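Colleague: Based on the sequences and whatever the hints tell you, model everything.
Keeping their order, the protein sequence lines are chains A and B. Using my numbering, read the first sequence as starting at 2 and increasing by one per residue. Using my numbering, read the second sequence as starting at 2 and increasing by one per residue.
Hints may contain errors.
Same chains, same names: a pair is fine if it fits in one copy or spans any two.
Heads up, simulated DSSO-like pairs for lysine-lysine below, C-alpha to C-alpha not over 27 Å straight-line [what the hints assert, rightly or not]:
{"#": "1", "residue 1": "99", "residue 2": "16"}
{"#": "2", "residue 1": "16", "residue 2": "246"}
{"#": "3", "residue 1": "32", "residue 2": "145"}
{"#": "4", "residue 1": "64", "residue 2": "192"}
{"#": "5", "residue 1": "32", "residue 2": "3"}
{"#": "6", "residue 1": "144", "residue 2": "62"}
If you are wondering where the hints come from, they were derived from the structure by calculation, not from laboratory data. Keep in mind it's a predicted model, so treat the numbers as computed, not measured.
There are 2 protein chains.
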Amino acid sequence: MKATAFTVEKIPLIKPGDNIGQLISERTELKDHDIVIISSTVVSKSENNIRSIRDLPITEKAKNIALRNNIEPEFAQAVLNEGIEVLLESPFLLVRLKNGSICVNAGIDHSNVEGSDNILLLPEDADESARKIKDSLFELTGKKVSVIITDTNGRAFRIGQTGAAVGIAGIIAMRDWRGTRDLFGRVLEVKNEGVVDELAGFANLLMGEGDGGTPVVVIRGLEMYHESYGIRELLRPENEDVIRKALRSLSA
Amino acid sequence: MKATAFTVEKIPLIKPGDNIGQLISERTELKDHDIVIISSTVVSKSENNIRSIRDLPITEKAKNIALRNNIEPEFAQAVLNEGIEVLLESPFLLVRLKNGSICVNAGIDHSNVEGSDNILLLPEDADESARKIKDSLFELTGKKVSVIITDTNGRAFRIGQTGAAVGIAGIIAMRDWRGTRDLFGRVLEVKNEGVVDELAGFANLLMGEGDGGTPVVVIRGLEMYHESYGIRELLRPENEDVIRKALRSLSA
Numbered sequence: 002m003k004a005t006a007f008t009v010e011k012i013p014l015i016k017p018g019d020n021i022g023q024l025i026s027e028r029t030e031l032k033d034h035d036i037v038i039i040s041s042t043v044v045s046k047s048e049n050n051i052r053s054i055r056d057l058p059i060t061e062k063a064k065n066i067a068l069r070n071n072i073e074p075e076f077a078q079a080v081l082n083e084g085i086e087v088l089l090e091s092p093f094l095l096v097r098l099k100n101g102s103i104c105v106n107a108g109i110d111h112s113n114v115e116g117s118d119n120i121l122l123l124p125e126d127a128d129e130s131a132r133k134i135k136d137s138l139f140e141l142t143g144k145k146v147s148v149i150i151t152d153t154n155g156r157a158f159r160i161g162q163t164g165a166a167v168g169i170a171g172i173i174a175m176r177d178w179r180g181t182r183d184l185f186g187r188v189l190e191v192k193n194e195g196v197v198d199e200l201a202g203f204a205n206l207l208m209g210e211g212d213g214g215t216p217v218v219v220i221r222g223l224e225m226y227h228e229s230y231g232i233r234e235l236l237r238p239e240n241e242d243v244i245r246k247a248l249r250s251l252s253a
Numbered sequence: 002m003k004a005t006a007f008t009v010e011k012i013p014l015i016k017p018g019d020n021i022g023q024l025i026s027e028r029t030e031l032k033d034h035d036i037v038i039i040s041s042t043v044v045s046k047s048e049n050n051i052r053s054i055r056d057l058p059i060t061e062k063a064k065n066i067a068l069r070n071n072i073e074p075e076f077a078q079a080v081l082n083e084g085i086e087v088l089l090e091s092p093f094l095l096v097r098l099k100n101g102s103i104c105v106n107a108g109i110d111h112s113n114v115e116g117s118d119n120i121l122l123l124p125e126d127a128d129e130s131a132r133k134i135k136d137s138l139f140e141l142t143g144k145k146v147s148v149i150i151t152d153t154n155g156r157a158f159r160i161g162q163t164g165a166a167v168g169i170a171g172i173i174a175m176r177d178w179r180g181t182r183d184l185f186g187r188v189l190e191v192k193n194e195g196v197v198d199e200l201a202g203f204a205n206l207l208m209g210e211g212d213g214g215t216p217v218v219v220i221r222g223l224e225m226y227h228e229s230y231g232i233r234e235l236l237r238p239e240n241e242d243v244i245r246k247a248l249r250s251l252s253a
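Modeller: Structure below.
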């Protein structure tokens, strides 16, 4: 098996209303079944998910968390406003979002957004954002591609963030190896593989960060296209989530 | 930026004593600064980390865990024997290994190993294994390559395993973006990036599982070579590990 991966160069700074699909299709020639991987930052900007935190009413809870975590009260408040459940208050804020995903600081970005009072929220429905970009790319190029929107996440037990998928279209989130046979003919008990996160991680590596960062990566040569969308099957159900349970018992 | 990735084809079933570096170098032409990513399964087999669990003396603790988790007592015992600390007994066994890494079932593989009483342990010192393969590849080819040995790990909050690095040589585990500037010239507070896990994840995707699996992947075109080795900096120190703390409080 062979794959190539490349960054799409010269994507300009994204403004609200920008057509991401068009910006990509003007800068690279896509092929059928390419996997187009896009940083959530640029998707959020195009969707105008920028908020000012200057005049946010601050609760006592946010003030308290800000003090403990050494962050701005306005930022703590913005995170609390985005989360529908707080799983951990300190040493960092870990919340569950409306779409079910669990992330540090609600995935809010304080860097790479113009204006020091401004923050950037994750796309409100990143699966839907991915689907729209996929459709737009099909309209513009006639090519059927998969789209993955990424963020970076921390991990349990290990330092270092890695890319993760927050919204997908044209690809299935997981590959299920159960029922296939091992090298000695026995049926594998194993296991779902979080393939869209493996793709997101590698793309994140190519994207880089900071002012040299490039927010779009294309991975070519893998046959993973599928007419489906949605990240939800990747989210661990609450009753199977022992780490969530443990974090709750810690706060209790 | 552009990278290519390919599987090394026709690697035979590995036997104890096999020279992994030689098997790779005979099947592909490596270039300087290639990243050679190898499944821990084949490294372990070459190092003869196969153990029979048939006659393992079973403790009451192992019997109890086996019953709760619906696994074989011998397997539970083997996991307990490998772990120096048990972080979670049920619904799955999560232990810390001698080398500091934390993994489900101590990373023991029950598939893809000949003989139904046999299990495959992780390489005893996977960093050292990676260094030896790197040195062997240099001797055989004159090329300086990075080596990453991978396993698959579960993740917090998300279903689906992903590839992760368990041993590395010729590459630095993390990329540190702190101090670089964002698109608007502000200094990034962000963050270490677990690049070797991002590489391991993508390689895992290419490797596949089961009898069609190929255990060696080469990634070419990324300039990440560094004369260093060791995964340890990637392991979260105990005093910063809130999930570990939470899991302990759950068992207490």
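Colleague: Now look at each hint and say whether the structure bears it out.
Modeller: Okay, the hints, checked on the actual structure:
1. 99 - 16: within (25 Å within a copy, 50 Å between copies)
2. 16 - 246: Answer is neither: 40 Å inside a copy and 42 Å across each miss the 27 Å cutoff.
3. 32 - 145: Within one copy only: 8 Å inside, 34 Å across.
4. 64 - 192: Between copies only: 24 Å across chains, 43 Å inside a chain, cut-off 27 Å.
5. 32 - 3: both (15 Å within a copy, 16 Å between copies)
6. 144 - 62: neither (49 Å within a copy, 57 Å between copies)
In terms of the numbered hints stated before, the structure departs from hints 2 and 6, listed from lowest to highest.
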